[in-house]
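**Student:** Sequence:
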Amino acid sequence: MEALRRQTLRSLLRSSECRRLQDVPAQSRSLASSASLRITRSQTPNAPKVDSTDGAAHKTARKKPAEEPTPLSDFLAPGSSPNAKPVPFSTSTSAAAALADQQPLPFLTIPLGVRNPPVDLTGPRASKQNVASESEATFTERRMQKRKIIVKEATRGYFHDFHAIRSHGGKTWRSPGTLIREDRALYFPDIIGTCLKDRSKTSTTQMLKGNVSILSILTSKISEEHTKSFYQPTLDLYASNPSFRFVQVNLQENTLKAYLVSLFLSSLRTVIPPEFHATYLISSQNLEVERGALGLHNKHVGYTYLIDSDCRIRWAGCGFAEQAEKNALIACTGVLLGRLGETPAGSGAQRRLR
Numbered sequence: 001m002e003a004l005r006r007q008t009l010r011s012l013l014r015s016s017e018c019r020r021l022q023d024v025p026a027q028s029r030s031l032a033s034s035a036s037l038r039i040t041r042s043q044t045p046n047a048p049k050v051d052s053t054d055g056a057a058h059k060t061a062r063k064k065p066a067e068e069p070t071p072l073s074d075f076l077a078p079g080s081s082p083n084a085k086p087v088p089f090s091t092s093t094s095a096a097a098a099l100a101d102q103q104p105l106p107f108l109t110i111p112l113g114v115r116n117p118p119v120d121l122t123g124p125r126a127s128k129q130n131v132a133s134e135s136e137a138t139f140t141e142r143r144m145q146k147r148k149i150i151v152k153e154a155t156r157g158y159f160h161d162f163h164a165i166r167s168h169g170g171k172t173w174r175s176p177g178t179l180i181r182e183d184r185a186l187y188f189p190d191i192i193g194t195c196l197k198d199r200s201k202t203s204t205t206q207m208l209k210g211n212v213s214i215l216s217i218l219t220s221k222i223s224e225e226h227t228k229s230f231y232q233p234t235l236d237l238y239a240s241n242p243s244f245r246f247v248q249v250n251l252q253e254n255t256l257k258a259y260l261v262s263l264f265l266s267s268l269r270t271v272i273p274p275e276f277h278a279t280y281l282i283s284s285q286n287l288e289v290e291r292g293a294l295g296l297h298n299k300h301v302g303y304t305y306l307i308d309s310d311c312r313i314r315w316a317g318c319g320f321a322e323q324a325e326k327n328a329l330i331a332c333t334g335v336l337l338g339r340l341g342e343t344p345a346g347s348g349a350q351r352r353l354r
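Numbering of the sequence shown is given in UniProt numbering, commencing with residue 1 and proceeding in unit increments.
Take these hints with a grain of salt, some might be off.
[Unchecked claim] In silico lysine to any residue, SDA-like type, Cα no more than 25 Å apart, as pairs: (1) K209 <-> K171; (2) K197 <-> G169; (3) K228 <-> A278; (4) K326 <-> D120; (5) K201 <-> R166; (6) K201 <-> E288; (7) K197 <-> I282; (8) K257 <-> D198; (9) K171 <-> E288; (10) K209 <-> Q103; (11) K228 <-> D183; (12) K228 <-> E141; (13) K209 <-> D120; (14) K201 <-> F107; (15) K228 <-> G177.
Simulated from the structure, these hints should not be mistaken for laboratory data.
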């Protein structure tokens, strides 16, 4: 038994030794092949990569050379240099206003107002049919105008009007020296609001129809001073004339400001003379559509209009009045009153101007 066991062990050792000797050439061959591949790859850099584990070749995409950066001159405008200072896309409103302040103001050369006569929608004769016909006739036109206004407002900053005051104090044109011709004059639109006297709902058409009127649009204390510089000399001369009417429109398009003004009506009554309470109108009506037609270029500036008995705008002024504009308003008011047959103060005023 012992001899048989020894013989079995010898045979097992011999078989394992033979296997070991057979594996040595295979390993040497794989090492030799991997070494030859490394040498070949180092000599030929563009050769495809080969996995050394199984000897299979895998082709990969050739890497593109890095592109040269585009020269700066290709991005510059013709005739400009790389060292030139960048030009801003737009100038500020305040800088533009300061530059415009150095230029003389132009005279008003176009008639102000709307083409359609105003319709009183608050009087006893106003019917639903008239209101419906008025809304249908102007609905499409007003809708197109509102679209244009939205586009225009989108390109203007919130403080545009405030910065524009730097140019001539917000004054954008000079008043004409004579009346606007009757055949070319346009109409003042109907503005609805609250009367200061009794808080009743009224409109400007009720106040203006059949009278020669000076109408002032004010939005703040400074705009009130603007309009006062225009109407005060004329008011001193024609206030007692029965055909003369002085109308003030306190326009507050902002809902919050309109509400605050309505809370202080009692204090307004102490400031405004009692004889003008019946013609003082507080309104929150939106005039964005009519703003351009009326020449209301700045919300912080006061505007003054001379309106005839047919509600046509025959003369207009804005900002602080110059002496020539004061004289022109006195003369034009006297002419319109003279045409109505009421000239007790008008003739004297015209003689003073001469």
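**Student:** Determine for every hint whether it applies to the structure shown.
**Tutor:** Hint-by-hint comparison with the structure:
1. K209 <-> K171: 29 Å, violated
2. K197 <-> G169: Judged against 25 Å, a Cα distance of about 33 Å means the pair is violated.
3. K228 <-> A278: 18 Å, holds
4. K326 <-> D120: Violated. K326 to D120 sits at ~31 Å, over the 25 Å cutoff.
5. K201 <-> R166: It is violated: about 37 Å lies between the C-alpha atoms, which goes past 25 Å.
6. K201 <-> E288: Between K201 and E288 the Cα gap is close to 21 Å, so the pair holds against 25 Å.
7. K197 <-> I282: 11 Å, holds
8. K257 <-> D198: 21 Å, holds
9. K171 <-> E288: 19 Å, holds
10. K209 <-> Q103: 39 Å, violated
11. K228 <-> D183: 29 Å, violated
12. K228 <-> E141: Between K228 and E141 the Cα gap is close to 35 Å, so the pair fails against 25 Å, i.e. violated.
13. K209 <-> D120: 10 Å, holds
14. K201 <-> F107: 36 Å, violated
15. K228 <-> G177: 19 Å, holds
Hint check: violations occur at hints 1, 2, 4, 5, 10, 11, 12, 14; the rest are consistent with the structure.
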